Each structure stands twice: as structure tokens, then as C-alpha cells.
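J.: Spelled out from the first residue to the last, the chains are:
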Amino acid sequence: MAHAPMFARAMGLPARLALYCLASLALMVVDSRYAAMTAVKTSAAEFVYPIQAILARPFGFLNEAGDFFMVHGQVLGENRRLILASQVFASHLQGYEALKSENVQLRGLLNLPLPVGVQARAAEIVRILPDPFNRRVIVDKGAADGVTAGRPVVDAAGLVGQVTQVYADHSEVSLLTAKEQAAPVQNQRNGLRLIVSGAGSDDRLEVRYLDMHADIKPGDILVTSGIDGVYPLGIPVARVLQVEPPRQTPFAKAICQPIGAIGQHRHLLILGRAEVGPARQPTQ
Amino acid sequence: MSIDKPLVPQGPLLLTPASTRLVAGSLILAYLATQLPWPDGVSWLLPDFTLAVLLYWSIHAPHRAGLGLAMTLGLLTDIAQGGLMGQHALTYTLSAFAALSLRRRLENFQVGGRALQLAPIFFGQQLLFLLLGLAFHRPDVDWRFLAAGVATALFWIPAAHLLDWLTGWTSKMHIEPADSDPSVRTRGRAGHGGRGPR
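Chains X and Z supply the protein sequences, listed in that same order. Going by the numbering used here, the first sequence opens with residue 1, and the numbers climb by one from there. Going by the numbering used here, the second sequence opens with residue 1, and the numbers climb by one from there.
Treat the hints as calculated values from the structure; they're not laboratory data. Source: prediction; values computed, not measured. Treat the hints with caution; some may be incorrect.
[Stated by the list, open to error] In the SDA-like style, the derived pairs of lysine to any residue whose C-alpha atoms are separated by at most 25 Å in a straight line are: (1) K141(X) - P58(X); (2) K41(X) - S101(Z); (3) K179(X) - G41(Z); (4) K41(X) - I157(Z); (5) K41(X) - T72(Z); (6) K179(X) - R138(Z); (7) K41(X) - L29(Z); (8) K179(X) - S101(Z); (9) K41(X) - W44(Z); (10) K41(X) - L132(Z); (11) K179(X) - L127(Z); (12) K41(X) - A24(Z); (13) K41(X) - L75(Z); (14) K41(X) - D40(Z); (15) K41(X) - L134(Z); (16) K179(X) - W44(Z); (17) K179(X) - L131(Z); (18) K141(X) - P37(Z); (19) K141(X) - L36(Z); (20) K141(X) - P39(Z); (21) K41(X) - S43(Z); (22) K41(X) - P62(Z); (23) K179(X) - L128(Z); (24) K141(X) - A33(Z); (25) K179(X) - A24(Z); (26) K179(X) - V42(Z); (27) K41(X) - V141(Z); (28) K41(X) - P37(Z); (29) K179(X) - H137(Z); (30) K41(X) - A135(Z); (31) K41(X) - W165(Z).
Take the sequences, apply the hints, and build the full model.
T.: Written out as C-alpha cells, the structure is:
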């Protein structure tokens, strides 16, 4: 040990504590108020993500090994079911193609902007963030795959959430069931426009501020209305379970169940933004 | 003042001082453990491995694991979890400070007793973390995450046993009171002047 210095030059522990606390607080304020920190965070995450991916790999292998040892009959049954399903889809698709061309024609006649076909990109959930404030997952597609922040994320059944942060080769999806998430929807039965919000639980959504006399009944299907420019039109979002009459507040409340299997899947679809083409299409 | 009862506590802090390699290695391992793909259902019950190991070193090797290291690890955790920058940094720094202040007292306890003394720090860290989130406009707080603070205190027990075994620290190495264990005292006299081998 070197001889003790005659005068202490280092700062005392409380002084250093105060300094570090101030620095952290400043960081938090900057991060929550300004977008400046996003670039720093994004580039820093590029170093952490490969580590997480490597750590997750053995677990992925375990899952795949489990799939490998699935019973033969199970696979056959599933295959048969999938073939049937694909036939059903193919028949639907024929009608869809006809409708699509008709739609293009009608839109041309009405001079409406033509929504370019929405492209979907499959992504796999690689990590679920242990965040007590928000429900977020990390998927394995990022800016390199053309993902941008704000894109809607769906599964085979319905809406799941929205891309909120994009890194180079992964991105962060905020689930629809988080309390701060909301989606503009309309009632499929009568076109009533509503806003459905998360309730902090995977199997519940709610319409918080509902007119006392709104025409909404248990069993109604809510689909995206497409008026916010984020979610394209017509993605199923929720099924109404019950409508609570107003008690202390002047608003009624509808409890809904999400249609997308939130929290139960490993694969998701990231939709491309429905790009609005040139404002006016020439009439045909 | 008699020489039998020295004013400054005598005795080695550690027989084999914690090597930088061991401190860094255990901290890296703990940090990686938090990055494992833990299932979603247990994330609120998951102990904070990094914090537990960090506080162990704050107590046993305060010259290596001080406030600066706590802040660095906190920032790394913030980056990995994608939350608010500085949230973990602040709570880790405060926890390390609390552990450093408690250090002298903790040396008189066995591992279980130390875990009990540290439990309020772990719990308080988690509580402060959630409150900071509330303060910075994240209203959707999952209060179940408070359980992680208790889980961290429980995790601290096996972790401390393991690290004690790795560093060769035994519970005989109490430094206070100096006359309770003659072997330690004589050894402490031999190396008079330093607080412990560095």
C-alpha cells in the first residue's frame, strides 16, 4: 500500500453520491423530455443486443428440440388441418382478388387516393422486457428489414400492438394491452367509432369513455377504423364482453377481450404503413 | 490508552483480497444472468442479480466496488432494459451508498443476518425504481415488481455463500470487537498500519 497522502484529495462519499445522483436525475429528465437520448440509447443497445441474442440461443435450441420430438400423428393431423385451412383461404382469396380489382376501379371512379397494398413482414419474439411500467417485447426485425417506428403489429387473428422503437436489427413492440396504448376502432355492426385502450392485462381491453346511450352490445366486434393513419382499416381488435353502465362518472365503459392472442405467440406480423399514393388518381 | 484495545479497528478485511478478475467476472456473470430470456410470467419475481453481486462487493471490497461502478452498472442495465436512462443508475448508486454506510455493522453478522439487514435496501431500491417511473410519467406501474426486491435479498444468501467461498472469507474475520478472536487480532497486529492487505 502506498503511503497515505497528507491531505485527502478525493471527494467524500456523500459528495460523490450527490454528484452521481444529480447526473442520473439529469439523464432521466433529458431522456423523458427530449428525443436527444434516443440516438444514444439506440447505438448503445446495438452492443447489448448481440449478447442477449447469444444468451437466448440455447433456449431456442431447446424449444426446437422439443418440436423435433413431437409425435408423428400429431404432425400428420396438423398437416391435414393446415391443408384444409389453406384450401379455405384459397377460395376466400379468389373472391378477394375480384373484390380488390373492383375496389381499385371504384376508387378510381370516385377519385379517391389508392392505398397501396399493405405488406406484412413476419418477425419472431426474441425477448420480453421485464419492465414494470409497460408491456413490451423485442422482435428480431429492425431498421435493416425496413421496419419503422409506429408500424402496426398483428398476428393471425387480430391486432397485437405497435412498433415503438427501432434498432438496426431488432425492434421493440408495445403491446396493445399496455395501459398507455390505445387504438381507434369502430363497431363492425354499426360503424360506431370508439377508442379502445389497454387495461394492463393480457386478456382485457376497455373502451373507457363511452356515451351513456351508445349502441354497443356484448358480442360486438371492434375493428380498426383507420382514421389515425397508424393502423390500417379493418383489423379485428376486440370482442365486447360486457358494457358497464355509468356509476360515478358520466361515461359508460365497455370491457372487451382482445382478438389477437396477446402474450401467447412467438411469431408476429409487422405491417408496412399503408402508404397513401398520389393524392388524386386519374379516373379511368 | 492501552494497546490491547486499539482505537482504530485492527485486523485484515480479507485474507485473500478479492482480485479484480473475480469482482469483474462475478459482476459480468450476474449482468448476463439478468439478460437471459426469462419467461414473461416470472419477470416480477426475478431477483436483480447485478445489484446483489454489486452490494456484496460494496461490502467486501469497497475500494473496488464504489459508487462509480454502481452507476456504470445501472446505466448498463438501463440500456439493456430499454427503460428510462438513469433510472437504474440512480437506484443502484443509492443502494451502494446505503451498503457502504452499513458495511461496518454488517461485518458482525453471518450471511443470513446480513441478508436480513440488506433486505430493506433491496426492497427500497425496487420501490424507488417504481416511484421514479411514476414521477416520470409512466403511470402504468405493476406493483408486483416489489416482490423482486425481496427475491433479491433471498438470492443474496446463496450468492454471498458462493462468493465467500471463492474469496476465502470466513465469518471468523470479524474486525470488531478486536479482542473477541485472538487469532485474528494477532494477525492484525502483524500487519499494523493498513486496514487490510491490498
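J.: Next, verify each hint and record whether it holds.
T.: For each hint, the structure was consulted:
1. K141(X) - P58(X): OK: K141(X) and P58(X) at ~20 Å, within 25 Å.
2. K41(X) - S101(Z): 32 Å, violated
3. K179(X) - G41(Z): Between K179(X) and G41(Z) the Cα gap is close to 18 Å, so the pair holds against 25 Å.
4. K41(X) - I157(Z): The hint is violated at about 34 Å.
5. K41(X) - T72(Z): Roughly 14 Å between the alpha carbons, so the hint for K41(X) and T72(Z) holds.
6. K179(X) - R138(Z): Cα-Cα ~10 Å, so holds.
7. K41(X) - L29(Z): At roughly 23 Å apart (the allowed maximum being 25 Å), L29(Z) and K41(X) satisfy the hint.
8. K179(X) - S101(Z): It is violated: about 39 Å lies between the C-alpha atoms, which goes past 25 Å.
9. K41(X) - W44(Z): 24 Å, holds
10. K41(X) - L132(Z): Holds, at about 19 Å.
11. K179(X) - L127(Z): Since the Cα atoms of K179(X) and L127(Z) sit roughly 20 Å apart, the hinted pair holds (cutoff 25 Å).
12. K41(X) - A24(Z): 24 Å, holds
13. K41(X) - L75(Z): Answer holds: K41(X) to L75(Z) is near 10 Å, not above 25 Å.
14. K41(X) - D40(Z): Roughly 23 Å separates the two Cα atoms, so the pair holds.
15. K41(X) - L134(Z): 21 Å, holds
16. K179(X) - W44(Z): Within the cut-off at roughly 17 Å; holds.
17. K179(X) - L131(Z): 17 Å, holds
18. K141(X) - P37(Z): 17 Å, holds
19. K141(X) - L36(Z): 19 Å, holds
20. K141(X) - P39(Z): At roughly 21 Å apart (the allowed maximum being 25 Å), P39(Z) and K141(X) satisfy the hint.
21. K41(X) - S43(Z): Holds. K41(X) to S43(Z) sits at ~22 Å (cutoff 25 Å).
22. K41(X) - P62(Z): 30 Å, violated
23. K179(X) - L128(Z): 21 Å, holds
24. K141(X) - A33(Z): Cα-Cα ~24 Å, so holds.
25. K179(X) - A24(Z): This hinted pair is violated, its Cα atoms lying about 39 Å apart.
26. K179(X) - V42(Z): 20 Å, holds
27. K41(X) - V141(Z): 22 Å, holds
28. K41(X) - P37(Z): 21 Å, holds
29. K179(X) - H137(Z): 12 Å, holds
30. K41(X) - A135(Z): Holds. K41(X) to A135(Z) sits at ~21 Å (cutoff 25 Å).
31. K41(X) - W165(Z): 38 Å, violated
In summary, the numbered hints that this structure violates are 2, 4, 8, 22, 25, 31.
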